[in-house]
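Student: We have chain A already, so just place chain B on it with the hints.
One line per chain: the protein sequences are A and B, in this order. In case it helps, our numbering puts the first sequence at residues 2 to 483. In case it helps, our numbering puts the second sequence at residues 141 to 471.
Incorrect hints may have been included.
[Unchecked claim] Covered by chain B, per the in silico footprint, the following chain A stretches (three or more residues, Cβ under 8 Å):
(1) 409 to 418
(2) 451 to 458
(3) 461 to 467
[Claimed, not checked] Okay, the calculated bits of chain B under chain A, using three or more residues with CB under 8 Å as the criterion:
(4) 143 to 151
(5) 297 to 307
[To be verified] Below 16 Å or equal to it, Euclidean Cα-Cα: the simulated EDC-like pairs (lysine to aspartate or glutamate) are:
(6) B/Lys-142 / A/Asp-181
(7) A/Lys-257 / A/Glu-173
(8) B/Lys-142 / A/Glu-446
(9) B/Lys-143 / A/Glu-446
(10) B/Lys-466 / B/Glu-430
(11) B/Lys-143 / A/Asp-181
Bear in mind the hints are in silico, worked out from the structure with no lab data behind them. The beta-carbon is built from N, C-alpha and C at its ideal position, and this holds for glycine as well.
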Amino acid sequence: MLFTSVQFAVFFALTLLLYYAVPAKWQRLILLCANYVFYMWAKPVFGLLLMGGTIITYLAARLTEKRTLGLSGVWTAAGVICMLGQLAVFKYADFFLSGIGFLFRWDNTPTLGLLLPIGISFYSFAATGYLFDVYRGKIQAERDFLTFSVFLSFFPSILSGPIPRSRELLPELRKHHTPDFPAMRQGLMRLIRGAVKKLVVADTLAVVVNTAYAAPESFTGGQWLFAVCVYSVYIYLDFSAYTDMALGAGKMLGFKLPENFLAPYFAHTVQDFWRRWHISLTSWFREYLFFPLGGSKMGKSRTYLNILIVFAVSGLWHGAAITFVVWGVLNGVYQLLGQFTAPVRSRLRSKLGIREDSLWLRLWQSAVVFALMTSLWIFFRASDIEQAVFIIKRILLIPRDGFGRQSLLSMGLSVHQLLVASVSLILCFLEDLRIYRGKALPYFENRPFIYCLMLALLLVVIAVFGAYGADFDQNKFIYFQF
Amino acid sequence: MKKKNWIVAAILAVVLFLCACYIAAWLLIPVKKDYGSTWESYLQEPKNSIDVLFFGSSLTYCNVVPSVIYEETGVTAYLMAGPEQTMPISYSYIREACKTQSPKVVALEITGMFYPRYCGFSTVNVSYMPWSLNRLEATFAGAEKELWGGLLFPILDYHSRWKDVSPREIATHLFPKPDLFAGYTYLYEISPQAEVTVRDYSAETDNYARNLSYLKRIYAFCKSQDCQLLLFITPTKGRIPEDALETLRDDISALDGVKFIDFNEYMDSLGIDDSTDWYDFLHFNYRGAEKFTRLLSARLKNEYNLLPTEGEDEALWKQRVSRFAKAGSDK
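Isolated chain A (complex conformation) (with noise of 0.2 Å):
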């Protein structure tokens, strides 16, 4: 179920009236009902995978923090097998036999073609962090089965985030939650924020994207390092646009779920960017892998080391495919790049006479830092090396060709459509500056008439700028493949 959809608006409506009118001891199950419902609605079969992994991990938990058998570590392993295990054969199966297939250079080899179960990356990593803090003792394992289910399918984050955290998420679902009206309200508009981010901006700039990745060779050197800068905002835009929306959705509930976006753009380095980009991955990452590796504590070469593995694993995790690698083990080669010339940047810029806190200096570092990831989501969007190639060839051909005579226009959007687009980037780009700033953004809940006025106008932009209906095709969020 999408969150843009006419299904989810009735889903959550209902869901909303039934979660709060029905007594404190139910509200888990009506939670439970509802997350099932949603993660089923396209496949339900896949809510039976949801369940045995959730019995597993909490029978793994429960076991482990028993010490059953005198063991304990067995059974954190165990749940983990389990739960990456399954990650492994529905996301990865293929793409290691066809790896198998390249190395022995088989003609026909063979693949299980399985659908991957949506979220899957996301609810399988919850569980192993959830299980790895049982076995660290940081938190107890949960005896209550039915909060433990609502935990792992949580829907508001199910299909892409942010990935939950067990200390921070369990204690709240053992609370009774009532209407608190001002966050409600705070909820439903980040919620519809969510939509307009989606529906007006980034489903908009997907046009240019898809339109040029549908066919590479006709666009020019110029149309290419629009539409590569272009796929930089769509996927922000994308993404942040669904944890908008599910954080908003939580909030509506009642729970607060972790912030994943920091104005990432705005970052200084490749390093800050990670900080803000995606920060439940990232976080999860650091504590139940880049810290379990040694992280920084073993020297200079062997931090450097899991600094690649760890990008490494993010790419694969992102996708079953070598560009996803190649993007990962990139982004940990220009950090580890951004480590090694800082102190030879810092030492020119002093010469230079320029101030670590000057705006220029930052525009700069922001830019650079845009170019950077913005090489990089190449790969992440193309179907394979060959074409990332390919396209970088076009762009870096630029000095020798030329921009080319080709217009924007020819890429799929017009004149009306790039002067919305643009004016709505300007107001997230605002948007941004304020979460950089670290100024909470205004959502107006105590004052219903400016409330309610902005709430009615989002929605008009919807209905009238929004990409949805007969003529376009239905964008799902970037992450539901992942």
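Tutor: Chain B in isolation, oriented as in the chain A frame:
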């Protein structure tokens, strides 16, 4: 107090949202000047200035020329037909059109009696109607269920046009003008026709019975409005099967005082030239339409004793006559 403010604000927001959506949809819907359902220009006609209102499908708006009727008889006529207008839609159209006009005769091209329940033009037929109970009835009785959402909230169907709509189109919606063809669609091209074919129509269907019930409602409505009902079939090369036509005749004869004319019976007297007067096998081009309309005018005048109307915008009608005469030479 605070709770009251929130309730008032929420109601205002809903009203604002709905109004904005309906205004946006009204500005975004394509301007409709021909091929039926020309409600915007119809509503510009001076009130109670039309003597004969025509309804039906393309067989009406392509084959009947109101300016020729005026030229021949001084009687004012307007076509409020729509593409493959089904009987439930015709019923709603007649009721809605009679809100601003008090016609002496309602003339309905009756081929729609053999149409299936839905013909694929519900959106066009309903979307242009003014908002009223008649529109709602046309939606629920005449349109496919899956189209109801878009017909009730037209922004859903037309929002994607925001990038295509021109200032001229918006101006046309804001300042509509009367249609110089009075609902007629001018067809210039020639397609010689020789063979007469029989169309796959039957009166032995459930939908025919449903259509008949709507015909009876139309009859009752006309009676209540004190206007006469003329049911007619335009001459075409695609005929209704004789047995179906016979059933239709029998059913119409049960409606007291309703005239039925199958103009196919008068094909020879029309002076139609098969090599120059057809647009396709169902529709005349402007030459054929003019010839047919002259005969139709004579029948209207003779059988209904219609006198040249008073109170019409004479200048407008003279403009219409000259517009039709000039249209051919414009091509």
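Student: Take the hints in turn and mark each one as holding or not.
Tutor: Hints versus structure:
no., hint, in the structure
1, 409 to 418, "holds (count 3)"
2, 451 to 458, "holds (count 5)"
3, 461 to 467, "holds (count 5)"
4, 143 to 151, "holds (count 5)"
5, 297 to 307, "holds (count 6)"
6, B/Lys-142 / A/Asp-181, "holds (15 Å)"
7, A/Lys-257 / A/Glu-173, "holds (8 Å)"
8, B/Lys-142 / A/Glu-446, "holds (12 Å)"
9, B/Lys-143 / A/Glu-446, "holds (13 Å)"
10, B/Lys-466 / B/Glu-430, "holds (13 Å)"
11, B/Lys-143 / A/Asp-181, "holds (14 Å)"
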